[in-house]
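Trainee: Please arrange chains F and Y on chain V, whose structure you already have, making use of the hints.
Chains as they are written, first to last, in the working numbering: chain V, 1 to 671; chain F, 1001 to 1293; chain Y, 2001 to 2187.
Rather than coming from a laboratory, the hints here were simulated on the basis of the structure.
A couple of the hints might just be wrong.
What the hints assert, rightly or not - Using C-beta positions, here's what the derived DEER-type ranges look like:
#	chain 1	residue 1	chain 2	residue 2	range
1	V	Leu535	Y	Lys2104	54 to 64 Å
2	F	Lys1161	V	Asn661	58 to 68 Å
3	F	Lys1161	V	Lys512	53 to 63 Å
4	Y	Ala2055	V	Val263	49 to 59 Å
5	Y	Ile2005	V	Gly427	50 to 60 Å
6	V	Asn601	F	Gln1168	43 to 53 Å
7	F	Thr1070	Y	Ile2130	53 to 63 Å
Claimed, not checked - Dumping the calculated PhoX-like pairs for lysine-lysine here, alpha-carbon to alpha-carbon at most 20 Å:
#	chain 1	residue 1	chain 2	residue 2
8	Y	Lys2118	Y	Lys2157
9	F	Lys1276	Y	Lys2118
10	V	Lys262	V	Lys225
11	F	Lys1270	Y	Lys2168
12	F	Lys1161	V	Lys401
13	Y	Lys2157	F	Lys1271
14	V	Lys47	V	Lys225
15	F	Lys1029	F	Lys1138
16	F	Lys1028	F	Lys1069
17	F	Lys1069	Y	Lys2157
18	F	Lys1033	F	Lys1161
19	V	Lys47	V	Lys114
20	F	Lys1138	F	Lys1094
21	V	Lys302	V	Lys318
22	V	Lys6	V	Lys36
23	V	Lys401	F	Lys1163
Computed from a predicted structure; not experimentally measured.
For each residue, glycine too, the CB sits at the ideal point set by N, CA and C.
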Amino acid sequence: MEKKEKIGVYVCHCGTNIAGVVNVGEVSNWAAENLKDQGVVVSRDYKFMCSSLGQELIQKDIKEQGLTRVVVAACSPHLHEATFRNACKGADLNPYLCELVSIREQASWIHTDKVAATEKSKALISGGVARVVHNEPLEPLHVPIHPATLVVGGGIAGIQAALEIADAGFHVYLVEREPSVGGHMAQFDKTFPTLDCSACILTPRMVQVGSHPNITLLTYSEVEKVDGYVGNFVVSIRKRARSVDEASCTGCGICWEKCPKKVVDDVFEAGMGNRKAVYVPFPQAVPKYPVIDRENCTFYIKGTCKACEKFCPTNSIKFDQEDEIINVEVGNVILATGYDAFDARRITQYGYGRLANVFTSLEFERLSNAAGPTSGNIVLRDGKTAPKVVGIVHCVGSRDKNYNEYCSAICCMQSLKFAHLVHERTGAEIYNFYIDIRTPAKGYEEFYHRLLDEGTHFVRGKVAEISDAVRLPGEEGKLIIQVEDTLTGNQLRVPVDMAILSVGLEPRRDAKNVAKQFGISCSSDGWLIERHPKLDPVATVTEGIYIAGCVQGPKDIPASVAQGAAAAARVLGKIQQKEIALEPIRASIREEQCSGCRICNNVCPFNAILFHEDKMVSEVNPALCQGCGTCVAACPAGAISGTGFSNQQILSQIEGLMLLNIKTQIDTVPA
Amino acid sequence: MKEFAYFPGCSLEKMAESYHLSALETTKKLNIKLQELDDWNCCGATTYFYIDELLAYTLCARNLAIAEKTGLDIVAPCSACYKNMYFTAAHLAKDADLAEHVNFALEEDDLQYNGQVNIKHLIEVFAQDVTAEEIKSKVTRPLEGIRVAPYYGCQIVRPQKEKEDVEQPQFFEGILSAIGATPVNYPLKMRCCGGSLIISSRTAALSMVRNLLQCAVDSQATVIATACPMCQVNLECYQQQVNQEFGANFSFPVLYFTQLIGLAFGISHKKLGIGKEFISFAPSLLQAGQRKD
Amino acid sequence: MTDTIAFSQEVSNLLHAAEGEPTRACIQCGTCSGTCPVAGYMDHTPRQIIAMINAGYKDQVLESNTFWYCASCYHCTVRCPQDINITELMYALKRYSIWKGKHKEGLVGPTFSEAFVKMIVRGGRSFEPILAPSYIFSFNLREMLQEVTNATELLLKGRLPVIPARIKRLASFKRMIGRIIPMGGLE
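Looking at chain V on its own, in the form it has when it is part of the complex:
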């Protein structure tokens, strides 16, 4: 005869949230009477079980009545499972012997028929009681946390995160795809709303990152493979061959000066300027070592030239240098890979790519940058003519169901900044075409007022098209921006010399692949998904992987920096704890029943199942396993069970729900 468990049932009113629909008193009494032979020794109802008084009720019963199992019928476990488990722990009952049944989200909040909801609640509790009998006391898994961290992406968010962790005394591997850190911020001229020189505030941080004793800076590198789990990631990084020996190169610049091969710089100069085949992306690049672009270098194409090698004073050009694979062990990862700009060619009626003097925002940043291709002179495509009339178009590719539905957050401020720069540097007349002016953060609205004062014409209307087809006198040789001024209700044709398209922000083209590599997900838009949109913006559902900056969604520099710092703080917290407790809800494989078919290996979305070649059996790595249950269902031999979700537990719960184990007959719920 099995020793019967002593079960306590607690039915919460949740104010009127539950009690307003479900007759909690009736349910509690019913449980006491009908679930007695399953082990229920006490059944109570109470106004707010999650309050300290409610918790003390449970703890008192555990101590005085020697309860061995607890069932709480209340809200969704997402909210208070931890609360009640801790309460049990406080009374020395293993927390995994406490089961939550949701009679709020699953009954009172979704039904209006009170009688039916009450009956359903009884059934739900019956299911919970039947299940909890089979619960086993479980202990969370403790895994150690490796103190090193991997930061992927060397833009402002990644730099911030890396510096915070490094300053705290822990090692960081900072991986950046481009030859230099800096990201998009390095391309800008001034930053809003303070009009700080972008490079001036960024480069000190870049230098710090390049020289910090706790940071291993791996530029011109990409993550190839990620294995492992929180606290114990093994990451394989491909350090691409620069063809330059970093040990001896002094960054003197003679190589790129002497290089005869000019290449259009599509990345840093946004196609507005050239670089050489051997180059640093910009003068303040960190690290200072140049890179040979093998696709465009004459030596790699034809086998001739070698001018750089000839002139290098330290003999640092190494044409036969090969990619290096570096394996690192880290405890946590921060992904800060940033954004790509919307491709304005998709909006053909705006003429980008077809009409010469239509520019994108990134192109304009390079134009206005003093170190840019025109030395900061704002001129047309011919490189010399200053525009007399400039039109700045907001919302290009954003807020538009035909392209991206979301608002890109920064373009209004960016457009205002452009208007200011044009005003400052040229005598041009300026038009801003907008739908709404979005200036939410500190100093932003005041910046808008400053622009109003400067005399920029603000036209409230989304630009319909930009054309060079002349219709009226005065339009010859101009770009005509056709738009409705919605505030006056007139269709306007505004002739301009230069049109600047404030293009929206989009996820990186390969964001989905990066997410997959690290085992996290993207939203349908392509941004990496945070754990909770409001309360947990830098964590992800995968333990140990954090996100920061624009990779999570469009945002300005202050917000990116804040997220970089937040992610760093989370990582430091984990490192400091030295080990992490993982939920014991995991799958486990009964070796004797495993036939070695390896079906489970392939279905696991977290790559958590290893195969032992010698024994021909699979084994679940409990640290990587997230308890999703896919392998449990997939195993043809039924050899896998989920701790906390065993077949016995699930089947009993189903029987309980159907009231199969109740001796007295209950009237069927009215239809």
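Mentor: Below, chains F and Y without anything else, positioned relative to chain V:
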């Protein structure tokens, strides 16, 4: 031999007879058979939809049902007919309730429509059902030196059907290149000619026509090629009125693209209905060194 | 308490192809009105009309010439960032206007379209000359003369139909229409 159910539309009988003639001549040369739909009725242009939606879909669906009996896909040379029938078919496919209503009415004419017909615009036949090489192979008198403004108009590409380019399509230019002509960059090629506004809001329509003509002149074209009878009539037959209203002096030839193809194929002017225009194309032909037939 | 239906809902009810109330999605960006080739001739731009519909200004909407000047070119529709089928909305307003018999004075559109549909019901095919009376009298002398000149030239070029075309199965055609609309309204 490709065969289609041919829906000429009301204007092709007289007003745009040259479109009808040149369509048949050129498709014949390309081994395409246009089998006129039996007892077809007016597609409704835009006006049916001003009165009643259900009636409009029904009147259009009658033609679809007649075509379905032949087992052929429909080809319509007129953009309005094309658009109406395409979207009637699309709505009937998506909305079973609408289809039921419409079929209930069609019963009276012993017809039913079961969604089996595809609808194409005549120009799509030249752009998709034959290759540029096939067209080139039939050209005996390439239209060298003739600068053509490819006027798409509105209802060929709009509303958008799938993911096709609605702002800068190039298929018309492709056909013109295949017959040896020079398609010019015509910025207003997707703009509306005014359609029925020429009757109901004359001044507005005349201003739209004026812009199109001026743009053709500015693009240095010698002729505008159209693919819709409404466009041709608006652009050509009202140039006098445009001149009077706006103090201009346009005298710009406007032909159907099938007439241009026919010329390149060496078909006689008479067979292509050339000579029915208000503004003769002959001077431009002579200027370009083409022989006059 | 009377259950009055909002004007925007009334308009949406006439839009078979649309779901819900499409005017609600409008963010008043003005793309439609910036694109519209006829906007300069309209009392109110298409965007303004949508704002007026949402605000319930029924009489003002019906009094405007906007939707009667719509050429159905669909350019607004393909560009609208909120995917509103504005052209269909204009059709719905025309239908509403004719149904209620309320529209701005001096518009050719209403009489022309009614005459057109009656012509089709009569013969199944279009015959332009029969439509002339529905609009020619709204023209001033100069416009009338222009129209006559045009017609003459079309006639001389053999482009004007002189004999009305008819479909063969006219009787069943009329019965088919009768299953949709009571014929009294059209004959």
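Trainee: Which numbered hints turn out to be false for this structure?
Mentor: Hint check: 3, 7, 8, 9, 10, 11, 14, 16, 17, 18 and 20 fail, others pass.
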